[in-house]
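S.K.: Here is how the chains run, residue by residue.
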Amino acid sequence: MDTMAAIKQTFFQECEEQLAELEEGLLAIEREEGDLETINAVFRAVHSIKGGAGAFGLDDLVRFAHTFETTLDGMRSGKLEITPQIVKLMLRSADILSDLVRISRDGGEMDAGRVAQMTDELARTGGAGPVAPAAAAPQPPAFEPLAAGEAEPQVDEFGFAPVQISFDTLIADDEAAGIRQAVHIRFTPKPELYAKANDALRLLRELGRLGEMEVSCDASAVPLLGELDPEGAYLTWDITLTGDLDEKAVREVFEFVEFDCDLSIDTAVAGPVMDESDAAQTVQAILAQVAAEEAAGQERHAAPQAEAPAPVRAAPPAAQAASAAPQQAANSQAPQPGATIRVDLDRVDRLIDLVGELVINQSMLAQRVMEAGIARLSDVAVGLDDLEHLTREIQDSVMAIRAQPVRPIFQRMSRVVREVADMTGKSVRLVTEGENCEVDKTVIERLADPLTHMIRNAIDHGLEKPEDRLAAGKPEQGVVRMVAAHRSGRVVIEVSDDGAGINRSRVRQIAVDRGIVAEDAQLSDAEIDDLIFAPGFSTAAAISDVSGRGVGMDVVRRSIQALGGRITITSRPGLGTTFTLSLPLTLAVLDGMVVNVAGQTLVVPLSAIVETLQPKAQDVHGLGEKARVIGIRGAFIPLIDVGCVLGYRDEEADPLASVAMMVETENQSQCALLVDGIVGQQQVVIKSLETNYGHVFGVAGATILGDGRVAVILDVDAIVAGSRAEAARMDANRKRSAA
Amino acid sequence: MAKAAGATITLPTELDIKAAAPLAAELAAARGGDLTLNLSQVERVGAQCLQVLLSAAATWSADGAELALEDPSPAFVDAAAIAGLDLSRFTAPFHGPLHGKE
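Protein sequences, first through last, are from chains A and B.
Using the numbering used here, read the first sequence as starting at 1 and increasing by one per residue.
Using the numbering used here, read the second sequence as starting at 1 and increasing by one per residue.
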């Protein structure tokens with residue numbers, strides 16, 4: 001990949017982050033949890049996207065970002081009152097910005113009408129000035145803030161007024177400096193200015209003597225007390241001087257601080273909008289200034305910058321944009337999350353693989369030591385225990401590298417909610433919980449589509465129409481909840497709505513019509529609800545714009561299963577429907593119980609096991625043709641022979657010679673799995689079968705044991721569900737043959 | 001200028017560059033409750049002390065506590081005006097419906 005493409009890719013990565021920040025900030029504002037820093041962060045996000053887009057000549061993006069930014073700026077300076085309508089508009093604008101970024105990256109056509117309409121709406125808020133001329137200085141694009149300046153003649157309190165350096169004052173000779181009506185000065189002291197016993201206020205006072213002065217102070221870079229360097233420099237002033245002015249006199253005020261501050265003196269404030277060539281020349285002037293400053297180094301000399309040689313150095317435009325925009329640099333001093341580095345995912349994955357091998361190796365070593373008959377308390381064994389602890393810690397740390405909070409994906413869903421709510425004309429509130437819950441990156445990435453579909457379904461099918469809700473005595477606004485939580489070594493994500501619940505008789509009828517179930521099938525409520533996941537099932541009587549995209553819940557279930565996860569549904573008539581996704585926390589390690597079944601070694605995830613027991617003859621009862629139950633403390637729970645379900649044997653094992661493991665499934669029901677014997681407890685590294693082979697019923701993955709043998713890891717829920725389905729099938733068969 | 005409940009700090013006469021670090025330390029120590037800054041004694045003001053005070057206002061606002069000014073001296077009012085800063089900027093940086101943490 002060439003350098004430019006690499007830079008561009010980084011830009012788009014950063015765009016993703018900025019967009020997430022933008023949305024997060026806007027949502028915080030919507031919840032009325034925002035403060036000034038939130039608005040600043042939102043503004044910065046859009047500003048950064050605009051800056052980067054300019055550097056790559058993405059004109060559409062620059063243009064929209066500029067309008068957006070101007071409105072946000074109105075919000076920031078308090079000119080534009082923050083109302084729920086305004087925040088909604090901002091959120092929709094953020095959606096469009098996000099689309100524009102995506103199209104800039106992946107190609108495609110943007111609906112120009114949508115953009116134009118939104119631009120219009122933004123402009124009408126009054127927070128924005130007149131919409132910038134379309135030519136937001138596309139040539140050369142790196143210096144886009146110029147256009148921003150022209151569009152915002154007002155100097156806002158906190159704003160990033162553009163760095164404006166007059167072409168005249170820099171390139172032309174002294175004749176250019178004469179009597180002016182207005183001079184605009186942007187003045188950002190550096191810490192050295194104060195350290196040399198100069199004070200910004202004294203300079204401002206001196207300026208004030210030259211003419212009529214208007215001052216506004218950009219304090220957005222001032223950090224909170226915790227991060228403040230009392231002797232640092234955080235303020236930027238925009239000063240407009242009017243009257244009979246000698247520019248030399250203005251420069252003299254700054255004579256002794258010229259190298260201890262960022263200074264621009266612009267005599268063309270009231271001038272006409274700069275055309276492209278002017279803009280280009282100004283950029284050159286700035287480049288010259290930057291070069292001159294560097295050449296001057298620490299050496300103090302008060303010569304006007306214009307006299308410095310003006311070589312234009314060939315440097316990437318982005319870099320120049322950065323030096324030309326000191327306020328952006330100052331702004332990055334705002335609170336930042338901990339330092340991060342970007343690492344190629346392949347490297348992390350390689351590390352994870354290696355740690356997996358380490359775990360296997362360590363358990364092999366432990367087994368060898370045990371086989372050699374070395375005492376448990378010998379130095380070797382104790383050393384091995386330490387090694388095991390270390391290995392586990394390394395493993396946890398490595399997993400943590402891949403783990404990321406689900407927040408971004410939850411945020412993306414808020415957009416889906418907005419769009420679907422608009423389309424269906426329903427009023428919907430999205431409530432999210434547990435956004436900080438961390439899940440493996442791969443899992444997160446692959447959750448987007450299933451979650452989107454579930455949210456669409458929840459709004460389109462789940463929630464009733466507003467009038468029906470009112471009639472049912474519910475608030476008009478429907479609620480969709482998304483909750484993420486860690487539960488016994490897995491991540492559980494619930495998507496629920498407070499709608500009408502599943503219309504079971506209709507679901508059943510459809511399933512019968514489509515031949516998914518027999519007409520006389522006896523189905524429990526849960527089984528009817530489960531039909532939603534059947535391939536080819538769609539409840540929408542008319543395929544709607546929203547949900548009917550040819551993707552059914554069966555696809556959702558398949559994609560969740562591909563992640564080693566499960567999806568279940570519960571519904572209560574009149575109260576709503578809940579989809580529960582249960583996902584593995586990591587795709588790599590697991591605490592397991594190693595068991596024997598029909599001569600095979602299997603691993604049962606420890607998180608599923610509640611207890612183990614030896615069945616007694618009086619506790620085991622037959623039920624129907626083949627099913628058996630076991631009585632435990634007065635309750636009967638199904639007894640499932642793992643060997644039969646997996647097809648290792650045809651005849652059910654003798655329960656009295658076996659061990660029963662009580663397991664709890666995702667939907668909290670209990671079952672007893674019958675195995676021949678328990679070997680021990682061990683941490684195992686999951687090797688995916690899906691990746692290397694394909695999905696196998698009842699198997700969650702495979703692992704390599706300490707003795708080097710391969711063992712399959714049981715998918716407990718699938719086994720339980722499978723045995724139930726088997727029972728149901730036999731039941732149906734029997735009824736059919738009886739009829 | 002209303003007086004906030006809680007502690008009051010009377011600022012020294014000189015708020016020049018030498019005063020910035022002690023002022024920041026004193027304010028940082030006063031965090032955690034409403035605070036009133038008495039500005040009646042202030043005679044000289046430098047930009048860095050204004051930075052400290054702005055930072056304090058933002059910090060108090062973020063903490064959800066009130067920061068009020070009391071009896072600002074003419075010297076302080078003048079310095080703030082020269083710096084282009086409205087006195088309200090030293091109390092809460094933002095007044096609006098966003099003030100959700102109250």
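None of these hints come from the bench; they were simulated from the model.
Wrong hints could be hidden among the right ones.
Distance condition first, Cα-Cα at most 25 Å in a straight line; then the derived DMTMM-like pairs of lysine to aspartate or glutamate [said to hold, decoys possible]: (1) B/18 x A/206; (2) B/18 x A/192; (3) A/248 x A/231; (4) A/88 x A/192; (5) A/79 x B/66.
S.K.: Against this structure, judge whether each hint is valid.
M.R.: Okay, the hints, checked on the actual structure:
1. B/18 x A/206: holds (22 Å)
2. B/18 x A/192: Holds, at about 14 Å.
3. A/248 x A/231: violated (30 Å)
4. A/88 x A/192: Distance of about 44 Å is beyond 25 Å: violated.
5. A/79 x B/66: Holds: residue 79 of chain A and residue 66 of chain B sit about 23 Å apart, inside 25 Å.
The structure shown violates the earlier hints numbered 3, 4.
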